[in-house]
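Visitor: Fit chain B to the given chain A structure using the hints.
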Amino acid sequence: MSTKHLERVISIVLRTGVVTSSVCLGVGLALSLIGAGQSSQLLLNVGVIVLLATPVVRVFVSIAEYISERDWGFVMLTAVVLVELAASAVAALMFNRKL
Amino acid sequence: MPVVTTALALIIFVAGVIAGAMGSLLGLAGGVFLVPFLNLGLNFSFPVAAAISLTTVIATSSSVSAVRSREHVINLRLGMLLEVATAGGSLLGGITAQLIEPAHLQKLFGLTMAAIAATMMTRLNRRNVILDPSVDPGSLGGRYVEQESGGEVRYRVKRLPLAMIASFVAGNVSSLLGIGGGVIKVPVLNAWCGVPLRVAAATSAFMIGVTATPGAIIYYGRGQLIPALAAAAVLGVQLGSWRALQLAPKVPAKWLKLLMAIVLGIVAILMFVRPR
Chain A
1 MSTKHLERVI SIVLRTGVVT SSVCLGVGLA LSLIGAGQSS QLLLNVGVIV LLATPVVRVF
61 VSIAEYISER DWGFVMLTAV VLVELAASAV AALMFNRKL
Chain B
1 MPVVTTALAL IIFVAGVIAG AMGSLLGLAG GVFLVPFLNL GLNFSFPVAA AISLTTVIAT
61 SSSVSAVRSR EHVINLRLGM LLEVATAGGS LLGGITAQLI EPAHLQKLFG LTMAAIAATM
121 MTRLNRRNVI LDPSVDPGSL GGRYVEQESG GEVRYRVKRL PLAMIASFVA GNVSSLLGIG
181 GGVIKVPVLN AWCGVPLRVA AATSAFMIGV TATPGAIIYY GRGQLIPALA AAAVLGVQLG
241 SWRALQLAPK VPAKWLKLLM AIVLGIVAIL MFVRPR
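These protein sequence lines are chains A and B, in that order.
Heads up: the first sequence begins at 1 in the numbering used here, then just goes up one per residue.
Heads up: the second sequence begins at 1 in the numbering used here, then just goes up one per residue.
Please keep in mind that the hints were generated in silico from the structure rather than gathered at the bench.
A hint or two may mislead.
What the hints assert, rightly or not - These stretches of chain B come out as covered by chain A in the derived footprint (C-beta under 8 Å, 3 or more residues):
{"hint": "1", "stretch": "2-13"}
{"hint": "2", "stretch": "48-60"}
{"hint": "3", "stretch": "63-72"}
{"hint": "4", "stretch": "77-87"}
{"hint": "5", "stretch": "225-236"}
All values reported here derive from a predicted model rather than from experimental measurement.
All C-beta atoms in this analysis are idealised placements derived from N, C-alpha and C, irrespective of residue type, glycine included.
Extracted from the complex, chain A is given alone in its bound form:
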């Protein structure tokens, strides 16, 4: 069944994102607590960015999966979600400029 395939792909994407960001955050936090300034900040920020990007990548992967299944209704729905995520980033940038 195609649902099972999508479930597996989503599971892999989420696990990869969580493990990568957790390792970056863990090492970064340890380094920052022992006073290694620059490299710890870099690792911590990479960890945060990977964490925030994981759900976005998951939506991308879902769109690709629904395209390959020719399930156009759900291609549309997940594309709308992606547009909403992008709009949030744009809104964030606009608010930043105003402050």
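Guide: Using the frame of chain A, we list chain B on its own:
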């Protein structure tokens, strides 16, 4: 901005473990516990508390869903459909947060949760989903094997517009208050839309990654997210939710409902007594 010390990181780590454990049992992602602790307990400003909470909420969503999607408990089609509403709500919440008086929103939020808690309490012994093998799940419903009884549960999704509205509102408060919004979605999906509690919790946890991301991006972009403290909280929450995931199938659904009603009541009170 709070200064990052080893002691502070440790306190936040432990708070994360507790929030993560309770959250993953309830499908709440734990933000409802973490925000009041950081804001009232550690005296962090609301945006700083919300930013840390949202990152843990995303991490919980990702790690819980990585496991749950293999167990076939998440209703992916329902989740993806409701994400349209929840991401839209989150986007609008992020924008309206700049325009509306937060005190009004907190009171409204407290009232909503008190109402949901009362509803949960009156339905403790009632099965919202009947074990009926002849039910046609339709295009949005589903089936899963319940661990308590070993039987296959089939369900049909009822009142879809209500589920959409609840998801929209959940997205809205997520951006505003730094929580995942499961606290609204799970009870509505379970009590009124015919979705079994475990499926409702898993599907809500799955959607929460998308719900929390817009708000987190805004806080991070504004420099209100302290990466080191977010790291301590995220690692704590991961540990807590990982432990709770192993226990979850053994906890009876009735206890989960009772625990959830109590938690909702406490958070509702906190929303009213929070000093502005």
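Visitor: Indicate, hint by hint, whether the structure satisfies it.
Guide: Hint by hint, here is what the structure shows:
For the stretch 2-13 of chain B, the stated coverage by chain A holds: 3 residues have a C-beta nearer than 8 Å to a C-beta of that chain, and at least 3 were required. Counting residues of the stretch 48-60 of chain B whose CB lies closer than 8 Å to any CB of chain A gives 3, so the stated coverage by that chain holds, three being the minimum. Note: the stretch 63-72 of chain B has 7 residues with beta-carbon separation from chain A under 8 Å; the three-residue rule is met and the coverage holds. Beta-carbon proximity to chain A at under 8 Å applies to 6 residues in the stretch 77-87 of chain B; the threshold of 3 is reached and the given coverage holds.
Residue count for the stretch 225-236 of chain B with a Cβ under 8 Å from a Cβ of chain A: 8. That meets the three needed, and the coverage hint holds.
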